[in-house]
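Novice: One-letter residues, chain by chain:
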Amino acid sequence: MAKTDDIDGGDASTRAAHRLFEQWADVKISDGVEPDLDRLCAEAPELRSRVEALIRGFHDLDQLLPAADDGAGPEAPEVSGYAIGELIGEGGMGEVWRAEQLRPVRRGVALKVLKRGFNLDRAQLRFEFERQAQAGLDHPAIARIYDAGVAEDGRPFFSMEPVDGLPINAYCDRHRLPVRRRLELFVQVCEGVLYAHRRGLIHRDLKPSNILVAEVDGGPQPKIIDFGIAKVIQGPGDSPHAAAPQTLTELGQLVGTPAYMSPEQASPLRTSEIDTRSDVYSLGVVLFELLVGQRPRAAWAEDGDADRGEPPTPSTHISQLGAHAEDIARARGVPLPRLQKLLRGDVDWIVLKALEPRRQDRYGSPAELAEDLRRHFRDEPVWAGPTGLAYRTKKLIRRHRTAVGAGVLALMVLLGTVAGLGVGLRRALEAEKTAREESALAESTSEFLVTLFDGTDPTSFDPSPTARALLDRGAARLDSDLADQPRHRVRMLESIGRAYQGLGALDEAAVLLREALDFRRQDSATDGPTLATTLHRLADVLSARGELDAAKGLAEEALELRLADAPDGLSAEVADLQQQLGVIAERAGEFERAEQLYADVLTTREALFGEKDLSLGGTLNNLGNMTARRGDVEPAEALFTRALDLYTEHLGPEHPHVASTLNNLAIMKGHHGGLEEAVELHGRVLEIRRAALAPDHPDLGETYNNLGVALTDLGRLDEALEMTRESLEIRRKVYGTEHFLYASAAFNLGRIELVREALGPARRYLTEAKNIFERTLGPEHAYVSYPLQSLSKVNRLEGRIDIALQQLEECVEIRLKTLDEGHPFVQGALVDIEKILRELGRAEDADRIAARIVPQGVEINGDDGDEGDEGDEGDEATS
Amino acid sequence: MGDDFELLKSARSGSPEALNRLFARYGHRLLALIRLRMGPSLRRQLESQDVLQQTLLKAFKRFDQFDGDGETTLMGWFGAIARNEIRDQAKYQHRKGRDVDQMMPLDAALELVDPVRTEVSRLQFVEDARRLESAIEALDEKHREILLLRRFEELSFPQIGRHLDKSPDACRMLYSRAMTALTIRLQRQAHG
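These protein sequence lines are chains A and B, in that order.
Take 760 as the starting number for the first sequence in the working numbering and just add one per residue.
Take 175 as the starting number for the second sequence in the working numbering and just add one per residue.
Since the hints were derived computationally from the structure, they do not count as laboratory data.
Just to be clear, a hint being listed does not mean it is correct.
[To be verified] Keeping only pairs whose Cα atoms sit at most 16 Å apart, straight-line, the calculated EDC-like set for lysine to aspartate or glutamate is:
id, chain 1, residue 1, chain 2, residue 2
1, A, K1100, A, D1138
2, A, K787, B, D343
3, A, K874, B, D343
4, A, K1311, A, E1365
5, A, K1371, A, D1404
6, B, K340, A, D912
7, A, K1112, A, E1127
8, A, K1594, A, D1604
9, A, K874, A, E943
[To be verified] For each label pair, taking beta carbons as the anchor points, the in silico distance ranges come out as:
id, chain 1, residue 1, chain 2, residue 2, range
10, B, S184, A, L823, 47 to 57 Å
11, B, R362, A, D1120, 46 to 56 Å
12, B, R195, A, A803, 44 to 54 Å
Think of the CB as a built atom: it goes at the ideal place given N, C-alpha and C, for glycine as much as any other residue.
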């Protein structure tokens, strides 16, 4: 088929955009569905906006032209032995027709046929259809396949039991099924999937539209459709004969709904890893959606916190939905707080375990998933839950509900009514015929509390004043109620400390964790790993508070303890601690050390998790920043590109982590002359972040700031001023004014004002920045030197030469602590000093300085020290 | 579809209201089709409104031939009649050697389409229609033809396939390429 003539005009990129658009239109017209633009433009993202413009043009044209409202739909296939009725469904690749099978038995069927225009290996597809038909799956939760073959026009088809039902999520919402009923229905689905697994069939495309719910005998009956069909389509993994998709667009069409796919399915390199646990993952997504009305990936992206490579729990997710959450609760027949309570704990854990990114961490089969849900129904401890005694005790209480509910119990404990709890517990324990000593009971009590506070992670704690008040009260009771149970008290200290950290109350967290650490150090029963964990946590908090020396000491101690257990250094904990130490070193301005540490982390994590693991992303970024800092542009770019590929593959091109990496890349480009490119990249970062984050999210502050820096260097001062002001405002809101990031924005504003020769405002901003840097980072931190150098310029322009000179000398002194004398930043300041000395007629002093200046080819560029843009990746502080 | 069939029936039996509605429903599209089929040169010789009138008249006369529940739509039927009418009139014109250049393009019928359209949007609409018309006329012959068959005569791809002696899939592809070419062309026009 001849290509469109009109494409031939224009330059190469225009032609390329036209070709992509042509592919888009071919799919749209042949198959009636719009191809996924991300995939279509995956190899040429820079063309995306142009392709989008063409698509808009296409839609406009479509509107303008008279509608083709004839049989625009598909034509009925002719199939021997069947009378075809009307079209009842249409998907990306298939059409479903109502039909009557005429022989060997006469019965109503749904006939599913491949859409025309698909360049699939039809023989392979037909083979697969027939395999399904012969498998003879006979289970109430699976729609039966009767027959398979090819239609007269060569398209493969199969006929199946007609299912008059709705997708499972739509069914549940329409009937406002409560959580429990949804879970029960879901267990039936698991049983169907399990049944097929036992016959060697993996579904590979489980999603609500493939899990229909029909009313059978007045009750809901799930019917899974399309077992194994996705296999042929997803190709090449274990069916080498399946046709590889012809084009990118086709690929976009074929691989189904990425939101339901497990990581191993989503990665083209890992298809050989697909097994029954891939279905478990998809079931997890479906379950998540049944519970909170949205898929986890969407929730995950909005959350902006995927550092652990996990989605938030359903209960966390729902608490972040705002007004919409009420509707979701209503569709489940309960008020919102009740819904949250129903999800928190067991259900959260079960969903997360099904959604584990690594398949070995998931449930081994749908049977285990279903069984865990049943255990939850029976109030037995679930496998997905914590193993601690506390949790089991909590379950015990739940099963033998005494006069008080568990929630009330928690409050009672916090308010000091431990005696009441003791009675309740004792009764429960007796009922279970588990004779326990008083001490065991006490242990249960504190473990129980630990569980209540722990949840699944500290950030899941509701940051409302109530939560804070509850924590404060809990902390206050530590001394009175648990004074005689020091080991239990220390666990409480750690839990409440972590909860404080999650709320951002770092001071309180530090106090409690320090106390816990003191105890652990003296306690003979504390083993190495336990002590290391406490050390690590406190180091986290101190590092976040800027107490770098203390944090470093603790982390190093923890590292030593961990190395005792893993002398070869090959352990995840060792890598986590090295990462933490790297971040601390970087913050302290010890860049060489930081680089070495990051390199070690990278090696360790690669060895442990492989080269494609998501956990490498943060390290690649940090290492990239350090490499870029030394001016090693190409290796740095390679590191950033690797991180970009990794994130795009795992998380998609619009993920905030992609933005963070682009940000780092942009900063590097900006520092090495690629200012236009830097502005463009920052613009892209802004686009992603604006779409994904709240308007006053700190990352947006970062982007505005960095865009401001690049624009300043380009001389686009008005835009720069506007961006930097945005940044300052966000940071004021987020961090307050006593924070080095606020000071960075203030410094950059001062710099712009200086270039604009508005000396008054410049002095104000620069002074403010310098003072804050000194107070928050210490007077000798490298950051202090930047406003110093700019202030010296202000003073020179205003004729205060002596002060200017003194500031420059201070500046050099500070820089020499972290940089060589040959570094452009140092040299730049030296050049300025020499100039001033000559102006002042101090020739001898000037000569001495001149001797330190490296003569040729040095680019004197340290003038305005364009630092203050921070390129750190968000996930530095390991947890 | 059945609705149109009824409309055509009552129009033929003399209901002026049905005729009006039919004209409102199809006049614009049919006129656009006729203008495009004639092209700029023929448009200088024939009056598209005449062709439209004749087409509708013949359609009413041959009403019995229209297979209301077959696969051809009313528009497809009108389109086929218009094609013949243009051919006949062009032949006649040729024989008559009638003087050219006396015609003006007539878009009056556009106003029938949507009586509630405001003046501004009507002008915009006419503007869009002209722009579209010239872009379609500039298309490659085979692209223009498939676009007319598909969008103006509302033929299905198998019908087009029979008409052009191609497979339905090949027609789909050709149509896709025609839409692509037209979109690009319109975009180029818009950006100068």
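Novice: Each hint: holds or not?
Specialist: Do the hints match the structure? See the list:
no., hint, in the structure
1, A:K1100 with A:D1138, "holds, 15 Å"
2, A:K787 with B:D343, "holds, 13 Å"
3, A:K874 with B:D343, "holds, 11 Å"
4, A:K1311 with A:E1365, "violated, 24 Å"
5, A:K1371 with A:D1404, "holds, 9 Å"
6, B:K340 with A:D912, "holds, 15 Å"
7, A:K1112 with A:E1127, "holds, 11 Å"
8, A:K1594 with A:D1604, "holds, 11 Å"
9, A:K874 with A:E943, "violated, 35 Å"
10, B:S184 with A:L823: 47 to 57 Å, "violated, 31 Å"
11, B:R362 with A:D1120: 46 to 56 Å, "holds, 54 Å"
12, B:R195 with A:A803: 44 to 54 Å, "holds, 50 Å"
Hint check: violations occur at hints 4, 9 and 10; the rest are consistent with the structure.
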